[in-house]
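Visitor: With my numbering applied, the sequence shown covers 1261 to 1603.
Just so you know, not all the hints are guaranteed correct.
Below, a list of computed lysine-lysine pairs in the BS3-like style, where the Cα atoms sit at most 27 Å apart [said to hold, decoys possible]:
no.: 1; residue 1: K1388; residue 2: K1409
no.: 2; residue 1: K1409; residue 2: K1419
no.: 3; residue 1: K1419; residue 2: K1340
no.: 4; residue 1: K1419; residue 2: K1388
no.: 5; residue 1: K1325; residue 2: K1407
no.: 6; residue 1: K1419; residue 2: K1456
no.: 7; residue 1: K1419; residue 2: K1407
no.: 8; residue 1: K1388; residue 2: K1407
no.: 9; residue 1: K1543; residue 2: K1514
no.: 10; residue 1: K1340; residue 2: K1325
no.: 11; residue 1: K1457; residue 2: K1419
no.: 12; residue 1: K1514; residue 2: K1460
What the hints contain is simulated information worked out from the structure, not anything from laboratory work.
The model shown is predicted, which means the values in this text are computed figures rather than measured ones.
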Amino acid sequence: MACLFLGALSIVTCGCEREPPARSSSNTGYQVVETDDVSPAPTPGTSPITAVPRRHVGSTVIDPKAGQAYSNGLRMVRDKDLQGAVEQYTIAIGIQEDFFEAYLNRGIAYMIREDFDLAIADFTCVVKLRPDFAEAYSNRAIAYDNKGKFRLAIEDYNKTISRRPDLLRAYFNRANTYINLDEFDLAIDDYTTVLKKDPKAADVLYNRGMAYHDNGDFFLAIADYTEAIRLMPDEIDFYFNRAVTYRELGDNDKAIAAFSEVIELDPDNGQALYDRGGLYYNKGQFEQAIDDFTEVIRVAPESPDGYLSRGKTFEDNGDIEDAIVDYRQAKKLDPDADIPDLE
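All chains, please: the whole structure from these sequences, using the hints.
Guide: Take a look at the structure:
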């Protein structure tokens, strides 16, 4: 019996983007630094390992006009007026060139706008003014990540960790960058460092599971996905990746059970329905496969995949007329579809 082609498999990533953990997202927990006379502004986005924005009192004596412009910038960030914030930080810098907090927060505003080159330039100014300020290296590393400059990002994460070995999100983000570089052992080491301090970090367990998976350590991947599920039982991606890993191990029964858990949580998950249908097909359980492919068609009626797979199942089950109907529909949806001539 021929094995059914299962289509593209989706190993979905979280925080780190495979894309992740490929690229570190621009929402990876920048460090907002504020002077003592300004109320804290929210951090614009955080990774699973978060740090509360800390108040920083620099040694620089701040010019009152520069300080006012800077405070205006923080307020405008809170009001989501990023352009206004950038203009106010720029005014503050124009008045006082060594105002490193203004460079830092302007860089963060550029990050939110995804102007990564400008962000890198500002974080570099912070590094020159405050070479021991770890968060500046961390923020610049995130910008490098978003530019795809992974080696430069690793260098800055290293500098961050050498200055702040307690900053767990730097290990997490560095691990995500190692994933982009296919350096899975190093990624696993960093995720493990985080988990030693925070063993209940489900997203970190999930990412480490993906690193184990990509490294070919499927049983360790399943163990991490299972623990992540225990900690966050409503996260569909955790179940989905565990199901994919069971399938890659050749344990079709556990894979079917795992995809069934996904479908129980999300009955309209077309990918899980399609993948479970393929497993049923490969086991010769054609009726169950047909049921799943029918559900795929319900969820995605404009896609030819459900019709092609159900048609193939009908064909192998001896239901030639039904197979022809499905193949015709698949051809209608995709004129380039390769279908057998049963007529």
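Visitor: With the threshold set at 27 Å, check whether the alpha-carbon distance from K1409 to K1419 stays at or below it.
Guide: Judged against 27 Å, a Cα distance of about 16 Å means the pair holds.
Visitor: Has the given pair, K1419 with K1456, been kept, meaning a C-alpha gap of at most 27 Å?
Guide: holds (21 Å)
Visitor: Next pair to validate is K1419 with K1388; report whether the Cα-Cα distance is within 27 Å.
Guide: holds (14 Å)
Visitor: Does K1340 lie within 27 Å of K1419 when you go C-alpha to C-alpha?
Guide: violated (31 Å)
Visitor: Given the proposed pairing of K1340 with K1325, does the C-alpha separation stay at or below 27 Å?
Guide: holds (22 Å)
Visitor: So if I understand the rule, the pair passes when the alpha-carbon distance is 27 Å or less; does K1457 with K1419 pass?
Guide: Holds: K1457 and K1419 sit about 20 Å apart, inside 27 Å.
Visitor: Given the hint that K1419 pairs with K1407, test it: the Cα-Cα distance must not exceed 27 Å.
Guide: Holds - the C-alpha atoms of K1407 and K1419 are around 19 Å apart, at most 27 Å.
Visitor: Run the distance test for K1514 versus K1460: straight-line Cα separation, threshold 27 Å.
Guide: holds (25 Å)
Visitor: Verify the proposed pairing of K1388 with K1409, using a straight-line Cα cut of 27 Å.
Guide: Roughly 20 Å separates the two Cα atoms, so the pair holds.
Visitor: Starting from K1388, check that the Cα of K1407 is at most 27 Å away, please.
Guide: Holds. K1388 to K1407 sits at ~21 Å (cutoff 27 Å).
Visitor: Within a Cα-Cα threshold of 27 Å, do K1543 and K1514 meet the stated pairing?
Guide: holds (13 Å)
Visitor: Checking one constraint from the list: CA of K1325 to CA of K1407, max 27 Å. Satisfied?
Guide: Answer violated: K1325 to K1407 is near 35 Å, above 27 Å.
Of the numbered hints listed earlier, those contradicted by the structure are 3 and 5.
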